[in-house]
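Construct the entire structure; sequences and hints are all you get.
Letter by letter, the sequence shown follows residues 9 to 522 in the working numbering.
Treat the hints as calculated values from the structure; they're not laboratory data. You may find that some hints are simply not true.
[Unchecked claim] Below are the BS3-like pairs computed for lysine-lysine, each with C-alpha atoms no more than 27 Å apart in a straight line:
id: 1; residue 1: K278; residue 2: K378
id: 2; residue 1: K203; residue 2: K51
id: 3; residue 1: K203; residue 2: K378
id: 4; residue 1: K51; residue 2: K378
id: 5; residue 1: K278; residue 2: K203
id: 6; residue 1: K233; residue 2: K51
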Amino acid sequence: MGVLVDSQKEGFGSSWGGLKNLVRRKQVDCAHTKRSDNPQLAKELTIPHLVAVGVGSTIGAGVYILVGAVAREHSGPALSMCFLIAGIAAALSAFCYAELASRCPSAGSAYHYSYICVGEGVAWLVGWALILEYTIGGSAVARGISPNLALLFGGENSLPTFLARQHFPGLDVMVDPCAAVLVLIVTGFLCLGIKESALAQGIVTAVNVFAMLFVIIAGGYLGFKTGWTGYEVPTEYFPFGVDGMLAGSATVFFSYIGFDTVASTAEEVKNPKRDLPLGIALSLSICCCLYMLVSIVIVGLVPYYAMDPDTPISSAFASNGMQWAAYIITVGAVTALISTLMGSILPQPRILMAMARDGLLPSFFLDVNKHTQVPVNSTLATGIVASILAFFMDVSQLAGMVSVGTLIAFTMVAVSVLILRYVPPDEVPLPSSLQESIDSYMLRHNSDAQMINGENPAKSPGDPCLPLLGEKKVAVDCTVVEKLEALSSCFNMKCFTVMNIITMEFLVTWTGSE
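Laid out in structure tokens, this is it:
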């Protein structure tokens with residue numbers, strides 16, 4: 009989007025110019041700051057697409073494993089409370105993403121918001137943290153798919169030779185051709201177009217959700233049949249105390265990471281002010297409900313101390329005479345991993361493109377295909393790097409860096425919301441539609457005033473409150489009172505008070521009903 013920066017209004021001839029560059033902020037989403045030479049992405053996504061992307065990126069194979077380890081070591085029968093508390097904590101971060109995404113709908117996610125609210129230096133750090141997070145996270149997910157695929161074909165070594173893992177003793181490297189091939193296939197899907205890739209992710213996610221619904225329905229039937237033996241334990245509901253439940257909540261919180269992928273597609277949403285908050289909220293709510301229902305059923309089938317930490321759901325069904333259910337659960341785990349892989353690769357090209365727009369990366373990453381309107385160069389570069397890592401490296405040792413990137417991104421998004429609360433109102437970027445109305449009103453207002461005073465209404469390019477003359481873009485420098493007066497005139501509501509107008513702008517941001 010636009011790259012007008014508030015610190016660029018001053019010269020940088022002094023020795024402090026470099027420091028000022030690190031704290032300068034970008035003003036975006038105003039009509040007069042959009043550069044026509046920047047390629048635009050296709051606006052194809054609606055609420056169902058966003059929900060498919062959000063749920064698919066969030067629900068991974070972790071839920072098929074975490075329930076056993078957390079129940080045995082931290083929560084006991086209170087496993088569902090762990091998911092509830094973690095869901096509330098994730099919702100707080102989701103609210104921050106929803107507000108910023110609807111207010112500043114552009115590619116880049118947390119990098120974009122940090123550049124607007126904090127500064128260029130912090131945005132650069134956040135951008136590279138996100139790149140590290142998505143690259144390593146996608147590679148780790150890809151390497152977890154091949155063992156689950158092998159289980160579907162009959163055993164650990166049942167994959168074809170050209171796809172099976174091979175160990176090179178001399179280099180002490182375990183290569184995974186299946187993981188690399190899957191990353192390249194997903195990259196090819198993402199190059200077809202955002203609508204097509206969202207549809208493909210929705211189909212894969214639907215299979216995963218059906219597998220979880222099978223666990224809930226079939227497990228509920230077994231629970232009512234056997235009397236929910238898992239809850240008939242001599243210990244209390246909180247065998248490890250409240251501290252243990254909170255520790256379990258911290259562990260399962262990572263099961264909710266993925267809703268930020270929805271925010272990265274903001275530039276490709278048809279109605280971002282309305283659809284982005286709804287898409288984030290619905291996807292997180294669906295994930296929380298599924299997690300809690302699965303945990304309630306599994307803990308009720310088997311006492312928490314008897315759960316298998318590696319395959320808790322399959323072993324719970326097997327202990328009740330349903331060994332065949334393991335195949336359905338394995339299909340769910342495979343589709344969950346594939347959907348998470350798509351959610352890991354999808355945001356990174358948008359972040360690379362956003363950083364290239366701002367001059368922080370080479371213009372090579374700016375290229376957008378005219379037919380599919382997808383950043384092809386960024387997508388291919390992301391897929392190639394991720395496939396190489398998935399093929400050669402055991403990225404489990406670097407998986408902790410994913411948590412570091414997530415922590416940095418979530419923290420800066422929360423800080424950005426606080427900054428928007430306390431900066432002067434005339435420094436906060438306005439939605440483009442409101443800014444157009446303000447610019448046109450101020451232009452007419454100034455011209456009429458000069459004609460009444462007998463002055464020449466023509467303005468020089470540097471005059472404030474004149475949004476655009478010729479090819480030069482200048483920032484609108486109007487007072488808060490003038491902006492409020494312009495908003496009142498544009499909506500034919502001059503009787504509104506200042507507080508009513510501010511409330512109206514807030515509602516416009518969240519509902520999209522201008």
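Structure-based check of all given hints:
Restraint check for K278 and K378: satisfied, since their Cα atoms lie roughly 18 Å apart, inside the 27 Å limit. For a cut-off of 27 Å, the pair hint linking K203 to K51 stands: about 9 Å separates their Cα positions. The straight-line distance between the Cα atoms of K203 and K378 is roughly 15 Å, inside the 27 Å bound, and the hint therefore holds. Of the supplied pair hints, the one linking K51 and K378 holds, its CA atoms being roughly 13 Å apart against a limit of 27 Å.
Restraint check: the Cα-Cα separation between K278 and K203 comes to about 12 Å, which is no more than 27 Å; the hinted pair holds. Of the supplied pair hints, the one linking K233 and K51 is violated, its CA atoms being roughly 50 Å apart against a limit of 27 Å.
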